[in-house]
Amino acid sequence: MNSTEFDVVVIGGGITGLFTTLDLTLRGLKVCLLERNVIGNGTSGKMHGLLHSGARYVFNDVESAIECKQENRIISKIAPHLVEETGGYFVAISERDERNYDEFVKGLKRANINYKEIEREEAIREEPKLTRDVRMVIEVEDKVVFPRDLMASVAVSSYLEGAVVLQFSEVKGFNLEKDHISEVLVEDKVSNSLRKIRAKVFLNTTGPWGGKIAKLAKLNLEVLPAAGVMNVYSRRLTRRVINRLRPPSDGDILVPYEGESIMGTTAVIIEDPDNFQVDEESVNFLTDEGSKMIPELSKTPLIRSYASVRPLIKAEKGAREATRDFKIIEHKEVSNLVSVIGGKFTTGRLAAEKLSDLISKRMGLNKVSKTQDYRLFGSDPYREIRDLSHLEDISQIISSYKGSTDEDRGKPMIFGFALYLINKLSRGVMGW
Amino acid sequence: MVDVSIRGSFSIKGNREELISFLTDLNKIVECIPNVEDFSLIDDESAKVKFRVSQGSISDISMLTANTIVKIQKGLKEVAYYINGKIVGSSFTSVISLDLKEEEGVTIIDWRADVNLGNALKLLKKVLDLDELIRSISDDTVKGIIKCVNGV
Numbered sequence: 001m002n003s004t005e006f007d008v009v010v011i012g013g014g015i016t017g018l019f020t021t022l023d024l025t026l027r028g029l030k031v032c033l034l035e036r037n038v039i040g041n042g043t044s045g046k047m048h049g050l051l052h053s054g055a056r057y058v059f060n061d062v063e064s065a066i067e068c069k070q071e072n073r074i075i076s077k078i079a080p081h082l083v084e085e086t087g088g089y090f091v092a093i094s095e096r097d098e099r100n101y102d103e104f105v106k107g108l109k110r111a112n113i114n115y116k117e118i119e120r121e122e123a124i125r126e127e128p129k130l131t132r133d134v135r136m137v138i139e140v141e142d143k144v145v146f147p148r149d150l151m152a153s154v155a156v157s158s159y160l161e162g163a164v165v166l167q168f169s170e171v172k173g174f175n176l177e178k179d180h181i182s183e184v185l186v187e188d189k190v191s192n193s194l195r196k197i198r199a200k201v202f203l204n205t206t207g208p209w210g211g212k213i214a215k216l217a218k219l220n221l222e223v224l225p226a227a228g229v230m231n232v233y234s235r236r237l238t239r240r241v242i243n244r245l246r247p248p249s250d251g252d253i254l255v256p257y258e259g260e261s262i263m264g265t266t267a268v269i270i271e272d273p274d275n276f277q278v279d280e281e282s283v284n285f286l287t288d289e290g291s292k293m294i295p296e297l298s299k300t301p302l303i304r305s306y307a308s309v310r311p312l313i314k315a316e317k318g319a320r321e322a323t324r325d326f327k328i329i330e331h332k333e334v335s336n337l338v339s340v341i342g343g344k345f346t347t348g349r350l351a352a353e354k355l356s357d358l359i360s361k362r363m364g365l366n367k368v369s370k371t372q373d374y375r376l377f378g379s380d381p382y383r384e385i386r387d388l389s390h391l392e393d394i395s396q397i398i399s400s401y402k403g404s405t406d407e408d409r410g411k412p413m414i415f416g417f418a419l420y421l422i423n424k425l426s427r428g429v430m431g432w
Numbered sequence: 001m002v003d004v005s006i007r008g009s010f011s012i013k014g015n016r017e018e019l020i021s022f023l024t025d026l027n028k029i030v031e032c033i034p035n036v037e038d039f040s041l042i043d044d045e046s047a048k049v050k051f052r053v054s055q056g057s058i059s060d061i062s063m064l065t066a067n068t069i070v071k072i073q074k075g076l077k078e079v080a081y082y083i084n085g086k087i088v089g090s091s092f093t094s095v096i097s098l099d100l101k102e103e104e105g106v107t108i109i110d111w112r113a114d115v116n117l118g119n120a121l122k123l124l125k126k127v128l129d130l131d132e133l134i135r136s137i138s139d140d141t142v143k144g145i146i147k148c149v150n151g152v
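Protein chains in written order, with this note's numbering: chain C, 1 to 432; chain R, 1 to 152.
What the hints contain is simulated information worked out from the structure, not anything from laboratory work. Careful: at least some of the hints might be erroneous.
[Unchecked claim] Facing chain R, from chain C, some residues (calculated, C-beta under 8 Å):
#1 R246
#2 P248
#3 A267
#4 I269
#5 D279
Note that beta-carbon positions come from the ideal geometry of N, C-alpha and C, so glycine has one too.
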């Protein structure tokens, strides 16, 4: 067995784990990220595509609303190539929705979120498929983000800055010495062998799988997985994101995702994030709810449904992290293991920054986060991929798309190739 | 075995017969319940009712949707509501029984709600104070009914 030593091993290649890897690497630490499958293959890669303006949370969680607003701007700045500035409407389509209006506007002001009241007629002109039952409309700065490509960008940037990013590397156990982990045992699925990696600190950023990883370190971590179903329809029906004007609930977001429409979401409690099925009831419910806002949705072919498994946590009001919906847990029994549970895709970078602040402090580093100003890989992917690939055949295949009809359609392919390359190159660094 | 059981009592001016007739008229009673978002009658004694209930602990789903079928049973001195439904993908049943006693122009209503939670729903207790949530929904419902009945 091989043994390699790092400052930090990050377990889980979702949005939080990836930004943590980048953040700590930019602070000068030697970091290794372990993902059991492909980067972004878990919860983060199955979100609805909405980069929140924060408006959705002004009813019940102003802290989250403010964080979403800030992160919306940061992600747009560091990855403009992966964000579509669609804008969003909050629509009141019933008397009950209308009653939420004053509280909503009050919340928007409290969180200092930009908004504009739109006349009903203007809204229908702008979004002709909106129901004629619409009573009130407020425009906000919702955007659409392409999650898989964003995560690939963060992974590649991390690699280019010096991190080791290993995919198909599943954590199978820990070697414990007294009150700390000395090394992690990893199943290398490429070579079918068991590897050992040493580190000073281990971070559990596996979301709904957090309880399973903690259990490997003989810890009990309560995580409640909830599946959120999303329906994908064959056509883009709106220019903007359409939200129902009510406190966050199920079936209240319709996202225009390139040429398609995604309707989300539900919350179904499940026992095992690796073993569940999308239920028909949720699928039908989403079409029903979405059709109330955009009636044409009921006649638009449903291409597929998928589910993202979120880890639900209880908000702790009055705690150090205020009402933040992610929780950083420093395990007392295993002193060098830290878990992060919960959080939204939009605020994943921020959760990573907070986690990285904690780890930096622990390691006596006096360096601040740079991720909010770091331009991510991929704004000119045809050029940047050359920094990664010295393989002539791959370079030529990719380059051949530039200047062709499919130059834009070829970009996601580049992110896929980039993930393949950094896995190969990272394995080389490890001697695997 | 009942998972959550809540009791209470309230009194209303008016005679028992009229009250029972009001409490068993599904069209009228759903108007009194603040958490009802949508309903459709199946027949005189049962209806499909969609509830949307508020909970503060999980910011992404501060409102939970419950799709239910409510069936009414009417007696001379009592009314019972049998509720079968699903919330967060898990089933639950509830029986709400009301005993009505008439004393000098005032009707005293002793009520009791027994709730059985499906296995997945029990897991929600990890992140939610489910007992407290059920109590607060019951309180809202009773207050809504009292307000409505007083307006009769």
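Taking the hints in turn, this is what the structure says about them:
no.	hint	result
1	R246	holds, 7 Å
2	P248	holds, 5 Å
3	A267	holds, 5 Å
4	I269	holds, 4 Å
5	D279	holds, 7 Å
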